[in-house]
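Trainee: Here is how the chains run, residue by residue.
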Amino acid sequence: MVGASFAQAPAGTRTVDPVPESIYLKGHPATLPVSLSVLIHQQRWAEAAELAEKFTLEHPRDSTGFYWLGVARQKLHDPVRAIQALRSAERLGLGTPAFHIVLGIAYYNLHQFVLFDEQMQMTIRSEPFRYEPYYYLGIYYEDVLNRWEHALELFHRAAELEPDDPRSMYGAGYCLEALGKRDEAAKTYEESIRLIERNSGRFSGPHQGMARLLLDTDPYKALPFAHKALELEPSSPSNHVILAKAYERVGRLTEAVEELQLAAYLSPTDPSPRFALARVYEKLGRSEAAGSERQMFEKLTRIYGP
Amino acid sequence: MKFPRSMLRVALLLIGLSQSLVISNAQFDPLLNPRGAPQAKTPEELDAYLEIATAQESRVTIEKVEQFASKYPSSELLGVAYQDETLAYKQMNDIEGVLRAGKRTLELQPNNVTTLLTLAAAIPNAVERRSNAAEFLDQAEEYAQRALQQLTKVIVPHEVTLERWTVMRGEMEALAHEALGHVAAKRGNLPRAMSELEEAAFHNPTPQGSQFYRLGVVYAMLGKYERADQALRRAADLGPDAIRQLALRELKRLNAAKPSRGQVHTQ
Chain A
1 MVGASFAQAP AGTRTVDPVP ESIYLKGHPA TLPVSLSVLI HQQRWAEAAE LAEKFTLEHP
61 RDSTGFYWLG VARQKLHDPV RAIQALRSAE RLGLGTPAFH IVLGIAYYNL HQFVLFDEQM
121 QMTIRSEPFR YEPYYYLGIY YEDVLNRWEH ALELFHRAAE LEPDDPRSMY GAGYCLEALG
181 KRDEAAKTYE ESIRLIERNS GRFSGPHQGM ARLLLDTDPY KALPFAHKAL ELEPSSPSNH
241 VILAKAYERV GRLTEAVEEL QLAAYLSPTD PSPRFALARV YEKLGRSEAA GSERQMFEKL
301 TRIYGP
Chain B
1001 MKFPRSMLRV ALLLIGLSQS LVISNAQFDP LLNPRGAPQA KTPEELDAYL EIATAQESRV
1061 TIEKVEQFAS KYPSSELLGV AYQDETLAYK QMNDIEGVLR AGKRTLELQP NNVTTLLTLA
1121 AAIPNAVERR SNAAEFLDQA EEYAQRALQQ LTKVIVPHEV TLERWTVMRG EMEALAHEAL
1181 GHVAAKRGNL PRAMSELEEA AFHNPTPQGS QFYRLGVVYA MLGKYERADQ ALRRAADLGP
1241 DAIRQLALRE LKRLNAAKPS RGQVHTQ
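Chains A and B, in that order, are what the protein sequence lines are. Counting in our numbering, the first sequence runs from 1 upward without gaps. Counting in our numbering, the second sequence runs from 1001 upward without gaps.
If we strip away everything but chain A, and leave its shape as in the complex, we get (with noise of 0.2 Å):
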C-alpha cells in the first residue's frame, strides 16, 4: 500500500492545451491563405489571428476564417472573443465533431458547463470513438465536480479509446487516488509513465503522483519521480513543492527551501510553499524567517482562499 494523504496533493497539477492539434480542422480550402496556414503550424497565434481576421472581413460566408480565428483566440486565451468567431462559423454550417470540441473547450474555459456539456455529448452521439469527449468530460467531473467515480469512468472510456494517451491515463490515475485506491493509482500513474517514455512526452503529472503516493512511506524511492517530474515541467511550481517535500522528508531541508522558494517564487499567490517554508524554517531553528512565512500564508490565504 502506497501511503500520503491525498490531502497533499497540490491542486492544478496538470494543463491541458486549450486546443490540442490533434483536433484542429483538416485540410486547406483553397480560399483561405497559405501565409495563415504558416502561422498556424508555426503557433504565431497573435498574426494568425490578425490574419484570420483580416480574411473573415474578406470573406464574412467562409466558415474555415472564422473558425482559425476562434483556435487563435482560444490558444490567445480570449475565450469570449473565440466563442464569437466559432459560433459566427457554426451559423455558417460548419458542425464536425471535432469542431464541436473545440467549441465545448471554449465554452469550458468561460465556466458554462451547460453548453461545454451539451458540445460533448453532440461529438458522442456523431462520433461515439473519438476519445476526447470523455477526457475533457473526466476533466469537468473530477476538476470542477469533484465526482471521482463518475470521472474514473470517464477517463477509463477515453484511454481504451486512446490507449496512447498518457493524459487519460494519469486522468484515471488522479481520481484513483482520491478515492484512496493507492495501489491501484500507483498502477495507473506506472502505466501513464511507460506511455510518456515510449513517446517522449513532456507530461509530468504521473511522475509527480508517484512522488506524491511515496512521500510518507518511502521519500527515497518518491525522490528520483519527483526530480523527473520537474525535469519533465520545471515551471510548475507543485513539481517544486512536491520535490521540496521530499527533501524535506530524507532530511535534505536546505534544498528543500530552495524549491519552496522557487514555487513561490513562480506561483506568487498561492499560499502553500509558505505554509512549507515555515515548517522546514522552524526545522532548520530560524524562527524569525519561519515566522515571517507564516504571515505570508494566512494574509494570501485570506486574499486567495486556502
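Honestly, the hints are just simulated from the structure, not real lab data. Keep in mind that the hints are not guaranteed to be accurate.
As the list claims (entries may be wrong) - Simulated coverage check for chain A against chain B, where a stretch passes if three residues somewhere in it have a Cβ under 8 Å from a Cβ of chain B:
#, segment
1, 231–243
2, 259–271
3, 284–291
Unchecked claim - Straight-line distance between alpha carbons at most 30 Å, and here's what the computed DSS-like set of lysine-lysine pairs gives:
#, chain 1, residue 1, chain 2, residue 2
4, B, Lys1041, A, Lys75
5, A, Lys299, A, Lys283
6, B, Lys1041, B, Lys1071
7, A, Lys299, B, Lys1153
8, B, Lys1071, B, Lys1103
9, B, Lys1103, B, Lys1186
Bear in mind that the values here come from a model prediction, so they are computed numbers and not experimental data. Positions of the beta carbon are idealized from the N, C-alpha and C atoms, including for glycine.
Given chain A, put chain B in place with the hints provided.
Mentor: Just chain B now, kept in the frame of chain A:
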C-alpha cells in the same frame, strides 16, 4: 487539473471591465469558483450576453441589456448584465439610470461590490430634488458600508498579483470612504465628512483629484483654511480638467473670503 488560466479575463469581462472603471475589478466572486459561475442555458443566450459584454458604446450596452432582460428574464446572467448596464449609465452620467439598473443588480446580486460602490457614489448626487432625501442618504451609507465589509471577504483570483490587489482594494476602499464623506456632508455632519474624506484622499494608493477637492471644500466649510488650500491645490494638480477648474474656482473663493490671511496662491 486546470485549463490554462483564463479566469481573470473571463471574470473581468463578466463583471464589466469593458467599462474601464477601476471599481469594475471588484466583483471576482461569481466566477472564481467555477461551480458558482452563472450558466447560460442555450448558445443563443450566451451569444446575447457576450454582445453586451463586448459592446463598445454605453448606449449600445443599455439597449442590449434591455433586449436581453426581455428575452431571457430568468437568465442566470441577468445580474452581470444589469451590472454592465449600471456602469454604462454611469459612463453616460445618467444618475437615474444608475439608480434603476443598480437596484436591479442588487436584487439579483445583493453583495455585488462594483454596484454597491457605484450606487453609494451616485446617490448623494441625486438627492437634491427628492422628498425622501434622508432615506436615500441612509441607503447610500448602507451600500458603502456593505461594500467595505464585502472587500474584506472577496476571494481574489490568483491572476491578480498581491501588489495589484493591494492597490485595487485601497482604491475601492477610498471610493467607499469618499461616498461616506459625501453622505455626511449632505447631512451637514462636517466633522464626519472630514474624517471620511481624509481617509479617502490620504489613503488612496492612487490619489484622486475629486477626493482632494471634496476634502478641500469641507475643510473650508470648517474654517480650516490652510488645509483647504493644500487640499484644493492638490486637487488642481491631480485633475482631471473638470476637477482642476472646480478646485481653482474654490481657491479663488477661499482667497476672496479670507483676504486678511494673506493671499492663497491659485497657481
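Trainee: Next step is simple, just say for each hint if it's right about the structure.
Mentor: Evaluation of the provided hints:
Figure legend: the segment 231–243 of chain A, annotated as covered by chain B; annotation inconsistent (0 residues with Cβ-Cβ distances under 8 Å, at least 3 required). Coverage of the segment 259–271 of chain A by chain B holds in this model, with 4 residues showing a Cβ closer than 8 Å to a Cβ of that chain against a need of three. Residues of the segment 284–291 of chain A lying with their CB closer than 8 Å to a CB of chain B number 0, which falls below the three-residue condition for coverage. Restraint check: the Cα-Cα separation between Lys1041(B) and Lys75(A) comes to about 25 Å, which is no more than 30 Å; the hinted pair holds.
At most 30 Å may separate the alpha-carbon atoms for a hinted pair to count; Lys299(A) and Lys283(A) meet this at roughly 22 Å. With a C-alpha separation of about 13 Å, the suggested pair Lys1041(B) and Lys1071(B) falls inside the 30 Å cut-off, and the hint holds. For the suggested pair Lys299(A) and Lys1153(B), the alpha carbons sit about 12 Å apart, so the restraint of at most 30 Å is met. The suggested pairing of Lys1071(B) with Lys1103(B) holds, with an alpha-carbon distance near 20 Å, which does not exceed 30 Å.
A C-alpha spacing of about 22 Å is found between Lys1103(B) and Lys1186(B), which places the hinted pair at or below 30 Å, so the restraint holds.
In this structure, the hints that do not hold are numbers 1 and 3, in rising order.
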